[in-house]
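Undergrad: Construct the complete structure from the given sequences, taking the supplied hints into account.
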Amino acid sequence: MAETEAEIVQRAKQGDHAAFSLLFERYRRPVLGFLFGMTGRRDSTEDLLQETVSRAFALLPKLREESKFSTWLFGIARNVAREKGRKTLRDYAATDIETSGTDMFSDPRPDPETDAIRQQLYRAIRKGFAVLDEDRRTALVLRVLAEKRYQEIAAITGWSLARVKIEIHRARIEMRKMMEPYLRM
Amino acid sequence: MQCQETVTELDAYLTGELDGSARARVERHLGECAACRAELEFLRKENALYREYASTMEIPNGAADRIAAASGRPESAAHWWRWAAAAAVLVAVILSWRFFATRQGEEVAGNFGEGQTAEFRLHVHQAVRSYEQAVLLLQSSYEGKKKNLDPALVRELDRNLSVAGAAVAECTLALEKHPNNPQVIECLLLGYEKKVGILKQITEAL
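As they're listed, the protein sequences go chains Z and A.
So the first sequence is numbered by the working numbering: it starts at 223 and just counts up by one.
So the second sequence is numbered by the working numbering: it starts at -16 and just counts up by one.
For the record, the hints were derived by calculation from the structure and aren't laboratory data.
Mixed in with the good hints there might be a few duds.
[Stated by the list, open to error] The calculated DSSO-like cross-link candidates involving lysine-lysine, where the alpha carbons are at most 27 Å apart (straight line), are:
1) Lys183/A <-> Lys235/Z
2) Lys290/Z <-> Lys130/A
3) Lys235/Z <-> Lys128/A
4) Lys306/Z <-> Lys290/Z
5) Lys160/A <-> Lys306/Z
6) Lys160/A <-> Lys177/A
7) Lys129/A <-> Lys183/A
8) Lys177/A <-> Lys130/A
TA: What follows is the structure, given as structure tokens:
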């Protein structure tokens, strides 16, 4: 029978390196997506991921409910993004989508198949996240970039399910305003 | 069910997160409302766009392995000194640069070319990371032993750590505003040194 996540977490808590690596591999992409969405900077996301994983590793022995590892991990990532990402986001919100093609927010790995309009759309999404207020950004990033379910977003943020739904709905409306010009092209 | 109520449920409906009765209510409304059906279709495309956007994010090749290896290594708290030693070496380099710069009567960044300034900042960044690793290891060891200590002593130790932590936080904020100010950098590094020093005393005494 396949090992449950709680069992893997239990092994990691006891110092099993392979178990910790397994958890890291499972959560690397969603946590990376969350951190990137929250801060808007690709170049510092690696540092933030490192910080999140280091804290998780150090604090893992204190995790009481192994079945809530994911919620706990995203709580740590949220704190890291809050502490370290504030300044970059402020800078980002002030940038101009049209002229930011070669700035620090542009994709350092340009995909030859991705056309200029697509790049502008991605920039609009990044800027949209940057100008959302923190609660809406947190809710939407958890939903669409970390692909979390509503119940888990409620557990990570400590909000009611109804509030999570409203925050996400309103965030989507604000994001659409930012993306609209590029969706029509 | 009205449109306003339905639209906040559509996303959860798409991912199968609604229970039976809520799903039935949404489906009944969708059967009657063309606008909400269009919204559902738009939402589907929008989610696909966000997924596509998320797929553009990746850290450089090898970085993930480095992070996993560095963070997941079953490192003992007794190894905190390696990080503290690494930080101390970097602090020595930083202070020597500062000495050179202040001899010229200018601030650090004013004296270096762009590449050198970037290198200087990288040293500061790496020193901070090394100190943070040392703090994490020491703190983890302290947290594990706390329950066996006298509660009054724990309160006292936590108070000292909190003061050191506040100083570090204050200097970190100041550094955001003045990234090239040598006094601020020195204040931050000394703050970390002090915090590591307190934790070292605690763990050695336990």
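Undergrad: What are the numbers of the hints that this structure violates, sorted from low to high?
TA: none
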